[in-house]
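**Q** Going line by line, the protein sequences match chains A and B.
Just so you know, we're using the working numbering here: the first sequence kicks off at 24 and counts up by one.
Just so you know, we're using the working numbering here: the second sequence kicks off at 14 and counts up by one.
Keep in mind the hints are simulated off the structure, nothing from the lab.
Source: prediction; values computed, not measured.
C-beta atoms are modelled at their ideal positions from N, C-alpha and C, and glycine is treated no differently.
Errors might be hidden in some of the hints.
As the list claims (entries may be wrong) - Below, a sample of chain A positions facing chain B; criterion: calculated Cβ distance under 10 Å:
1. Gln32
2. Ile35
3. Glu41
4. Gly68
5. Ile146
6. Arg197
7. Met200
Claimed, not checked - DSBU-like, lysine-lysine: derived pairs with alpha carbons at most 35 Å apart:
8. Lys152/A to Lys126/B
9. Lys86/A to Lys152/A
10. Lys117/A to Lys73/B
11. Lys70/B to Lys37/A
12. Lys148/A to Lys70/B
13. Lys37/A to Lys61/A
14. Lys118/A to Lys126/B
To be verified - Stretch-level coverage of chain A by chain B, calculated; a stretch enters the list once three of its residues show a Cβ under 8 Å from a Cβ in chain B:
15. 45–57
16. 95–101
17. 165–171
18. 184–195
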Amino acid sequence: MTETQVESQLEIDKQCIEAVQSGDKDAYCTIVKCYMKKAYYIALGFVKSEPDALDVSQDAFIKAYKHIKKFKTGNPFFPWFYQILKNLCLDWLKKNRKRNQIPLENIKLSSGPGCSQDIKIQIWKGIEKLPLAQKEILILRYFQGFSYVEIARMLNKPLGSVMSSIHYAKRNLRNKMEKILK
Amino acid sequence: MKHQDIKKLVSPYLDGMLDDKQTEQVENHLSDCRECQREFGELNQLEEVLNQMTLKKPSKDIWEDYWSSVYNRLERKTGWIALSIGLIILIGIGAYPAIKNLFLDPETPLFLKIGILIFGAGGIIVFVSILREQLFFRKRERYKEVEK
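Work out the full structure: start from the sequences and follow the hints.
**A** Put into structure tokens, the structure is as follows:
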């Protein structure tokens with residue numbers, strides 16, 4: 024996203040959220056439609072099943088709506104919403120620990136040149152074994168395509184800390200994948 | 014910049030996230046340091062695979078129905094809350110005189126009075142417990158024990 028796009032998005036968010044805060048439920052539609060895909064894929068990264076990701080991401084929008092008056096307009100909406108979504112995903116994981124151990128082959132990964140589907144599944148399994156914070160940061164970076172700056176905003180961390188977290192997460196994953204990638 | 018500091022920059026360098034000065038520092042260091050060259054090679058290989066991986070796309074219908082589903086659930090939740098509050102009030106109003114009469118009636122067997130008291134106490138305990146969980150417990154929980 025360019026700086027102009029970010030500013031324009033910020034303005035749209037501001038207008039819509041001010042309208043929602045004044046009781047206009049329909050204005051929330053614009054916000055939901057704008058962020059639903061990001062929310063769904065982030066939830067999918069955590070909960071790993073399509074229906075559950077849909078359910079959790081929709082719950083997050085409902086919860087955000089209920090607390091919308093606490094949101095300070097002028098700030099970007101998504102980092103604030105992300106905290107709600109993440110907490111709901113963690114709640115889900117806590118409640119569904121056993122279900123969470125479903126075979127990871129259930130998550131299909133797009134095929135691309137250069138490496139087999141099997142390697143990708145092994146890498147996904149490796150990501151699953153990482154500590155939560157490292158798994159989260161890799162999903163945001165590589166599966167959602169967020170920039171380092173966006174991740175820093177979402178996680179409320181300094182940019183330098185995000186850089187080193189991504190580095191250590193990749194290093195850790197690389198160590199787990201050493202035999203497979205050689 | 015020290016070797017360890019440069020090593021941490023290899024990953025953002027691969028992601029193209031460094032400014033010109035940092036990029037130059039990393040490139041200069043990489044040309045001399047074998048350890049960092051190995052780090053670069055390994056992370057680059059992983060990066061190539063990660064960049065090819067995306068999560069499966071859901072069907073298009075999901076996006077078409079997404080907002081209406083959120084809207085319906087929002088409405089339904091408000092409806093359920095209103096329904097529950099109304100039901101509690103109605104039950105309270107209806108049950109109070111009946112229970113009062115039962116307790117005041119000397120012919121009501123003692124076991125029935127005790128049963129009603131235990132039932133009422135149980136209901137209050139469950140209600141307070143749920144309320145306490147909603148108000149305090151959930152706020153304090155930081156999900157530290159969640160591994161995945």
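**Q** Run the structure past the numbered hints and jot down the numbers of the failing ones, going up.
**A** Numbers 1, 2, 3, 8, 14 and 16, in rising order.
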